[in-house]
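There are 2 protein chains.
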Amino acid sequence: MNLPLGYRYAATYAGIRAQQRDDLALIVSGMPASTAAVFTQNRVQAAPVKLARRHVKASEGRMGAILINAGNANCATRSGDRVALESCQAAGKLLRYAARQILPASTGVIGVELPAKLITKALPTLVNNLSGDAFGDVARAILTTDLVAKQSFAEVTLSRGTVRIAGLTKGSGMIHPNMATTLGFVMTDAQIAPAPLAKILKRANGASYSAISVDGDTSTNDTLVLMANGASGVRVLPADLEIFEAAVITVLQDLAKQIVRDGEGAKKLITIEVTGAPTDQGAAAIARVIANSPLVKTAVAGSDPNWGRILCAAGYAGVPFDPAKVDIDLQGVAVCRGGLGAPFEEADLKTKMDAPDCLIRVAIKGGKGRATFWTCDLTHDYIRINASYRT
Amino acid sequence: MNLPLGYRYAATYAGIRAQQRDDLALIVSGMPASTAAVFTQNRVQAAPVKLARRHVKASEGRMGAILINAGNANCATRSGDRVALESCQAAGKLLRYAARQILPASTGVIGVELPAKLITKALPTLVNNLSGDAFGDVARAILTTDLVAKQSFAEVTLSRGTVRIAGLTKGSGMIHPNMATTLGFVMTDAQIAPAPLAKILKRANGASYSAISVDGDTSTNDTLVLMANGASGVRVLPADLEIFEAAVITVLQDLAKQIVRDGEGAKKLITIEVTGAPTDQGAAAIARVIANSPLVKTAVAGSDPNWGRILCAAGYAGVPFDPAKVDIDLQGVAVCRGGLGAPFEEADLKTKMDAPDCLIRVAIKGGKGRATFWTCDLTHDYIRINASYRT
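The listed protein sequences correspond, in order, to chains B and W.
Using numbering that gives the first Met the number 0, read the first sequence as starting at 0 and increasing by one per residue.
Using numbering that gives the first Met the number 0, read the second sequence as starting at 0 and increasing by one per residue.
None of these hints come from the bench; they were simulated from the model.
Warning: the hint list may mix true and false statements.
[To be verified] Derived Cβ-Cβ restraints for the label pairs, each shown as a range:
id: 1; chain 1: B; residue 1: 355; chain 2: W; residue 2: 280; range: 37 to 47 Å
id: 2; chain 1: B; residue 1: 350; chain 2: W; residue 2: 152; range: 17 to 27 Å
id: 3; chain 1: W; residue 1: 95; chain 2: B; residue 2: 272; range: 45 to 55 Å
id: 4; chain 1: B; residue 1: 14; chain 2: W; residue 2: 343; range: 22 to 32 Å
id: 5; chain 1: B; residue 1: 321; chain 2: W; residue 2: 0; range: 40 to 50 Å
Idealized CB from N, CA, C, for every residue including glycine.
Hey, can you work out the whole structure from these sequences and the hints?
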C-alpha cells in the first residue's frame with residue numbers, strides 16, 4: 000500500500016519522558032491541507048486541545064502540520080497555554096507556516112509542567128529529519144501505555160483517479176479506559192474542501208472511535224484529525240463522496256479496532272450489534288453498556304455463553320424495552336429468544352467462542368435503531384472469580 | 000453486641016448451587032414486622048424482585064419472613080414467577096404467615112430454571128432448624144462470589160429504652176460490579192410503623208448502598224430490606240427518629256463498606272468526599288465517576304498521588320464546574336489548588352497513601368452540594384501498566 004503523496008514525517012527523543020524513546024513527532028504536509036478535527040468532551044481540557052481547536056478555526060481548516068508529544072499531557076499546568084503556543088510558533092517558523100496552521104497534540108501525565116525548551120530545542124533536528132518514509136516512526140513515538148504501534152492504509156479509486164489514506168493512532172483499550180488518551184491522525188492526498196471533510200470526519204468518528212468502549216469517558220487530550228492536502232490532484236467529486244467516506248470509515252474503524260485489540264490482557268475482539276432499539280442513539284446506549292460490562296467481557300474471555308449477563312447489562316442502559324421481546328445470538332447461535340433461554344449445544348458454542356473474534360447480536364424489537372460497538376474481553380484474575388460463575 | 004429480639008434464622012443446602020454449601024436461608028420474625036424495601040432499577044427484574052415488591056405492598060408493609068436463595072437468580076426463566084410464588088406459599092404455610100407476608104430474594108446465575116421442588120423440599124428442615132443464633136449461618140449462605148461474610152450490629156438507646164439493629168449482606172465490590180447482585184437484610188426490634196420506616200430506609204440507602212460504586216449499574220436482583228418487629232417493646236418516638244435513623248445509617252454504611260473492602264484484589268478502602276458542587280446530585284455524580292475510574296483506583300493502589308487523574312475524572316461527570324477553582328486533597332495533604340499542582344512532599348505522601356484507608360477530598364467551589372462515596376483500589380496486572388505511568 001502506498002502512503003498519501005505530499006506528507007513528510009519525523010520523530011525524535013526530546014527528553015520529555017523518562018525512558019529514552021522517541022517522544023516528539025511531526026507530520027507535515029507540503030502544502031496547506033484541508034483539516035478537520037474532533038476533540039475530547041471533557042470539561043477539563045489540555046492546553047494543546049484548546050489551542051488546536053482555535054487553530055483549526057483561525058486557519059479556516061487549512062493547516063500545514065501536526066506536532067505531537069508523548070510523555071506529558073500539558074494539562075492542568077501553569078505554563079501550559081504558553082508552552083503549546085510557543086511550540087506551534089517555533090514549528091511554524093521552521094516549516095514556513097503560520098503558527099495557526101500547526102495543530103498541537105499531547106499525551107502523557109497530567110499536572111506536570113512541560114518545559115517549552117525541550118520541544119523548541121528538538122524541533123530543528125526534527126524538521127531536518129523529515130522524510131516521506133518515517134510514518135512508522137511517528138506511529139511509535141506517540142505511544143504511551145500501548146503495547147503495539149497502530150497504522151492503517153487504504154487506496155480508493157474515485158472518478159478522477161486514485162487517492163491514498165493513511166492513519167496512525169495511539170490508545171489502549173483497557174478495562175474502562177476513561178483517561179487513556181486517544182490520538183488519531185489520518186492523512187489523505189485527496190482534494191476536498193474543509194467543510195465536507197469535517198462532515199465526513201464527524202460521521203466516520205461516530206462509526207469508529209466513538210463506537211469503542213474508549214469513548215464517553217474521554218480524556219483531557221483526545222484528538223482525532225483528518226488532513227486532505229490534495230497532492231494527488233484528484234478532486235473528490237459529489238458523486239465520489241460516498242465511496243471516499245466509506246474508505247475513511249474503513250481506516251478509522253481499523254484503527255479503532257486496533258486500539259481495542261491492544262487492550263490490557265485482551266485476547267479477543269468483541270463486536271456488539273444491537274438492532275430494534277427505538278433510535279440509533281438508544282441502540283448505541285445499549286451496545287455501550289454491554290461493551291463496558293466486565294461480567295460480559297469475562298464471560299467471553301472464558302468462552303462462557305452467559306447470555307443472562309448480556310440481557311442484564313442491556314437492562315440498565317436507560318433505554319425502554321420489553322425484556323420479553325429480546326433475542327440474543329452468540330457467534331451466530333441463538334441463545335436467547337423472547338427473553339428466555341433458547342436450546343443450544345453448550346460444548347459446541349464454547350468451542351466457537353474460543354475464536355479470537357466474538358460476535359454478540361442483540362435484537363430488542365422495539366424500533367429501527369441500530370448500532371455496532373467494539374470492545375475486548377477481560378482476562379486474568381477477574382476471570383477467576385467471574386467466568387466460571389455460571390457453571 | 001446483642002441480636003435484635005424476636006427473630007430466628009436458619010440456613011441449609013437445598014442443592015441449588017453445584018458446590019455443597021448452604022444456599023437457602025430464612026429470616027423469620029416471631030410477629031408481623033414493619034417492613035420497608037428498595038429494589039433494583041434494572042429494566043430486567045428477576046421474578047423474586049417483582050413478587051417481593053407486590054408482597055410488600057399487599058401486606059401493607061407488615062411481613063413475617065425473608066426467604067433467600069443463592070446459586071440461581073430466578074431471572075429470565077419460564078417458570079420464574081411460579082417458582083417464586085410457590086416458594087413463598089410453602090414458606091408461609093409452614094410459618095403460619097400469609098404468602099404475601101414472605102419476602103423472596105434470589106442471587107446467582109441468570110437464565111437457568113430454578114426447580115421449585117428444591118426449595119419446597121428443603122423448607123420443612125429449614126423451618127425446624129430455626130434458631131435465634133443462626134444469624135451468621137444466613138450471612139454465609141447468601142454469599143456467591145464474596146470472599147467473606149458481612150454482618151453489622153448496633154444498639155441504640157431511645158427515650159423508652161434500648162433497641163438492637165443487626166444487618167447481613169452480600170455483594171462484592173468488583174472493578175465495575177454491574178451485575179454482582181447486592182442483597183442486604185437489616186433487622187431491628189424497635190417499634191415503628193411501616194411508613195416512617197420506609198422513609199428511613201430510603202435516606203439510609205442513599206447514604207450507604209447507593210454511595211458505593213456497586214450502585215447505578217444495578218443487577219436484576221438487588222434487594223435491600225429493613226424489618227422492625229417491635230419485639231423490644233420500645234417505640235421510636237418522634238423525638239427519637241433522628242438518632243434511630245443515624246443508627247440504621249451506621250449499620251448500612253458499615254455493611255456497604257464491607258462490600259467494597261471485599262473487592263476483587265482490593266487492598267484499600269477509598270473514601271471520596273466532594274463538596275462545593277451546584278447540588279448534592281452533582282456532587283454525587285462527580286464522586287461516582289471518580290469512584291469508578293480505574294486509573295484513579297490503580298494510582299491509589301500504587302500509592303501514587305496522581306491528582307491529575309482525579310481532576311480528569313471529575314471533568315467527565317457531566318456536571319458544570321470551573322477547573323480553575325478545584326482543590327484536591329489526598330490523605331489530608333493539599334495536592335491541587337485552583338486546578339494546578341500544589342507543592343507537596345512526594346515521598347511523605349506516598350507513605351501516607353500506603354495506609355489501608357485512602358481519603359480523597361475534592362472541593363469544586365461552585366455551590367453547596369456535597370456527597371461521600373466509597374470504592375476500593377485496583378491491584379494486579381492493571382496496575383503494572385497504569386500505576387507507574389506518572390513517574
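So, going through the hints one by one against the coordinates:
The beta-carbon spacing between residue 355 of chain B and residue 280 of chain W, approximately 43 Å, falls within the hinted interval of 37 to 47 Å. Checked against the given bound of 17 to 27 Å, the beta carbons of residue 350 of chain B and residue 152 of chain W, roughly 50 Å apart, lie outside it. A C-beta distance of roughly 53 Å is found between residue 95 of chain W and residue 272 of chain B, which places it inside the suggested range of 45 to 55 Å. Under the hint 22 to 32 Å, the C-beta atoms of residue 14 of chain B and residue 343 of chain W, about 25 Å apart, fit the expected range.
Look at residue 321 of chain B against residue 0 of chain W: about 47 Å separates their beta carbons, and that is inside 40 to 50 Å.
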